[in-house]
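Going down the list, the protein sequences come from chains A and B.
Anchor point for the first sequence: position 43 equals 43 in the numbering used here, and the numbering is continuous, going up by one each time.
Anchor point for the second sequence: position 92 equals 207 in the numbering used here, and the numbering is continuous, going up by one each time.
It cannot be assumed that every hint is accurate.
[What the hints assert, rightly or not] So, partial list: chain B residues that the calculated Cβ filter (under 7 Å) puts toward chain A:
#, residue
1, C128
2, S157
3, L158
4, D179
5, G223
6, P224
7, G225
8, L228
Treat the hints as calculated values from the structure; they're not laboratory data.
Each residue gets a CB set at the ideal place from its N, CA and C atoms; glycine is no exception.
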Amino acid sequence: KNQVEQSPQSLIILEGKNCTLQCNYTVSPFSNLRWYKQDTGRGPVSLTIMTFSENTKSNGRYTATLDADTKQSSLHITASQLSDSASYICVVSLQPSGGSYIPTFGRGTSLIVHP
Amino acid sequence: SAVISQKPSRDICQRGTSLTIQCQVDSQVTMMFWYRQQPGQSLTLIATANQGSEATYESGFVIDKFPISRPNLTFSTLTVSNMSPEDSSIYLCSVEDDPGQGGEQYFGPGTRLTVT
């Protein structure tokens with residue numbers, strides 16, 4: 001069964017600190033991996049998209065890494081801000097032979113940034 | 116990119132009643148997707164709505180419970196029928212740049228439903 005596991009489930013950090021969120025997946029054949037940020041009461045918003053051949057992608061203070069061999073990804077947040085408080089969702093897309101991409105969603109990591 | 120709006124943003128409903136959620140996109144799209152996000156759970160695809168044809172439902176979801184309309188290329192509705200407390204969830208509408216091709220995916224703000 002194709003799965004996406006995220007850790008930790010929740011995380012509390014102080015403003016200005018860095019943090020790293022993890023995503024492990026068993027999706028195969030792998031197509032692409034996306035990280036989303038979901039603020040409370042909002043829909044998910046895309047942060048990064050990486051294909052099989054990419055191992056890092058940055059978007060401002062957000063940097064995603066991908067190791068397709070070990071099927072692991074991480075999202076690193078630098079110099080956290082209060083507005084970074086949100087749920088971060090890892091999504092891995094499966095591309096079955098001759099078929100359409102099928103996204104598999106992780107449960108998300110809830111990040112709280114304290115002043 | 117696409118901008119998606121949903122109505123209502125939230126509602127509290129009594130069991131046994133039905134609620135229709137509206138989704139409006141600022142551009143024409145061929146496919147619209149409806150997701151459910153239960154507390155502490157990942158997003159789960161309910162169905163794919165194509166204009167001019169019946170929606171395609173995922174395993175575990177049926178048309179009688181979640182009827183969908185797609186009258187044009189910018190609008191869709193999802194009805195949650197004969198609601199029970201287990202239907203309490205966030206319902207999200209979504210579109211993709213290249214449906215089924217792994218392109219960028221956009222989500223509406225969601226409708227938070229509470230069933231009492």
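Hints not upheld, ascending by number: 1, 4, 8
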